[in-house]
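Student: Listed below, chain by chain, are the residues.
Protein chains: 2
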Amino acid sequence: KIFLKMSKIIAIGRNYAAHAVELGNSLPSSPFFFFKPFSSIINAAFGENIEIPTEFTNDVHHEVELGVVIGSRARCVSRENAMEYIGGYCVALDMTARDAQEQAKKKGLPWSAAKGFDTSCPLGTIIDKSLVPNPYDLELFCEVNNKLRQSGSTGDMTFKIDQIIESVSKIITLEPGDIILTGTPPGVGRVVEGDVIRFGIKGLKVHDGQDYVFSCPVVNRK
Amino acid sequence: KIFLKMSKIIAIGRNYAAHAVELGNSLPSSPFFFFKPFSSIINAAFGENIEIPTEFTNDVHHEVELGVVIGSRARCVSRENAMEYIGGYCVALDMTARDAQEQAKKKGLPWSAAKGFDTSCPLGTIIDKSLVPNPYDLELFCEVNNKLRQSGSTGDMTFKIDQIIESVSKIITLEPGDIILTGTPPGVGRVVEGDVIRFGIKGLKVHDGQDYVFSCPVVNRK
Ligand SMILES: [Mg+2]
Ligand SMILES: [Mg+2]
Ligand SMILES: [Mg+2]
Chain A
1 KIFLKMSKII AIGRNYAAHA VELGNSLPSS PFFFFKPFSS IINAAFGENI EIPTEFTNDV
61 HHEVELGVVI GSRARCVSRE NAMEYIGGYC VALDMTARDA QEQAKKKGLP WSAAKGFDTS
121 CPLGTIIDKS LVPNPYDLEL FCEVNNKLRQ SGSTGDMTFK IDQIIESVSK IITLEPGDII
181 LTGTPPGVGR VVEGDVIRFG IKGLKVHDGQ DYVFSCPVVN RK
Chain X
1001 KIFLKMSKII AIGRNYAAHA VELGNSLPSS PFFFFKPFSS IINAAFGENI EIPTEFTNDV
1061 HHEVELGVVI GSRARCVSRE NAMEYIGGYC VALDMTARDA QEQAKKKGLP WSAAKGFDTS
1121 CPLGTIIDKS LVPNPYDLEL FCEVNNKLRQ SGSTGDMTFK IDQIIESVSK IITLEPGDII
1181 LTGTPPGVGR VVEGDVIRFG IKGLKVHDGQ DYVFSCPVVN RK
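Which chain is which? The protein sequence lines are A and X, in order.
Going by the working numbering, the first residue of the first sequence is number 1, and it counts up by one from there.
Going by the working numbering, the first residue of the second sequence is number 1001, and it counts up by one from there.
Derived by calculation from the structure, the hints in this document are not laboratory data.
Backbone N, C-alpha and C fix where the C-beta goes; we use that ideal spot for every residue, glycine too.
Possibly wrong hints are sitting among the right ones.
Computed Cβ-Cβ distance ranges for the label pairs, DEER-style [as the list claims (entries may be wrong)]:
#, chain 1, residue 1, chain 2, residue 2, range
1, X, GLY1189, A, LYS147, 49 to 59 Å
2, X, LEU1027, A, ASN25, 34 to 44 Å
3, X, LYS1205, A, SER215, 50 to 60 Å
4, A, SER215, X, PRO1217, 44 to 54 Å
5, X, ARG1073, A, ASP99, 25 to 35 Å
6, A, GLN103, X, CYS1076, 17 to 27 Å
7, X, GLN1103, A, SER78, 19 to 29 Å
8, A, ASN146, X, ALA1045, 53 to 63 Å
9, A, SER130, X, ARG1073, 30 to 40 Å
10, X, ASN1134, A, GLU80, 51 to 61 Å
11, A, ASN25, X, GLY1203, 42 to 52 Å
12, A, GLU193, X, ALA1017, 32 to 42 Å
Start from the sequences, fold in the hints, and give me the full structure.
Tutor: Below is the structure:
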């Protein structure tokens, strides 16, 4: 069982070519990342609310992603043994204020507010890596009000998990409990108050035989 | 005494006009920020090393800043009572891979690697707010090898601390132990292996009558 201590969330951008294309972005030649603060996490297993900070954004998008949970300290780790540093996995939503992000991109400013607002990181239950023998055959999906918006295989990642760990750990030490969000497949889109987002990994059965699926309602921040 | 639990570091950009100008940047109309991860913190009171991640950057700059340490949970706090949420202060270096930051700015990409590499956040001892009756009359300074590089009064901040707390807490909840870096005065510049950075707050006497000054050697990351 993985204990999640306060640590950091590192999110990889444009790691599925089809998603980079849908937003009109160029493809990165090496993995790039941004941070989401721990204060952005909500527990999707409890169905906690995703809050739209309406004073700041009017265009919040869902991005369903595979989260990699670090199990042991990784500094300057090579690709060859990178997978040994993983403790588990989870499904996540990298909720994004797209309007604020586009403004930041244009001005050359940080993405931090656009990616880091409260409730912008709903996480599913963390599962031990033993339940995920192959992290590249997972079918991520995301529905809004029971309509499928995103689906894609983790096999379509441009930079594989071991490459990401190698690349990041050259610059930033990864610590137990850190979470790496590995990018989103295509189909991202806007949500508004009253929507319900259902997301998970298709076909994955956890501990008690349950589906690995979560739901979070969308509300406006009060 | 302030206990620093694992939390987040929020750093404000371009909050001293003279510094924005020296880098050829436009002045922001509202405070913008980026994150530094807790893994970037080193203890300047122990004289820990600042490591240049040479595989990634060849141009690391010092930025001396006043750090505001949050004392109690702040969500949607108004300017009028924002100062009540402060627990203490510290001096900090917002070490920056300027080459990587400039690349990121040009491409519209996050600043996270440029601002978040290991050892990029040396912190002086956290002091209780009772020792700082007026946070706007502090003289920040930064020397490299005993030559003065930066000096400036915290009175020159564009956005005051209460405005920053109001603005950030609309989007992101501030928690006890969070640190806000409030921007740097002019004079930023490059350091290389073998340099020693000495920084602090001029004239400030702490607990035992000691000067509030710290030194960190600069080395290349091995
Ligand atoms: Mg950022
Ligand atoms: Mg994403
Ligand atoms: Mg700075």
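Student: If a hint holds in the structure, say so; if it does not, say that too.
Tutor: Status of the hints after comparison with the structure:
1. X:GLY1189 - A:LYS147: 49 to 59 Å: Given a distance of about 54 Å, which is inside 49 to 59 Å, the answer is holds.
2. X:LEU1027 - A:ASN25: 34 to 44 Å: violated (28 Å)
3. X:LYS1205 - A:SER215: 50 to 60 Å: Roughly 56 Å apart at Cβ, these two residues keep to the hinted range, so it holds.
4. A:SER215 - X:PRO1217: 44 to 54 Å: holds (52 Å)
5. X:ARG1073 - A:ASP99: 25 to 35 Å: holds (28 Å)
6. A:GLN103 - X:CYS1076: 17 to 27 Å: With a Cβ separation near 22 Å, GLN103 of chain A and CYS1076 of chain X satisfy 17 to 27 Å, so the hint holds.
7. X:GLN1103 - A:SER78: 19 to 29 Å: holds (25 Å)
8. A:ASN146 - X:ALA1045: 53 to 63 Å: holds (56 Å)
9. A:SER130 - X:ARG1073: 30 to 40 Å: holds (37 Å)
10. X:ASN1134 - A:GLU80: 51 to 61 Å: Holds - the Cβ-Cβ distance for ASN1134 of chain X and GLU80 of chain A, about 56 Å, lies within 51 to 61 Å.
11. A:ASN25 - X:GLY1203: 42 to 52 Å: holds (49 Å)
12. A:GLU193 - X:ALA1017: 32 to 42 Å: holds (39 Å)
Hint 2 from the list above is the single one not met by this structure.
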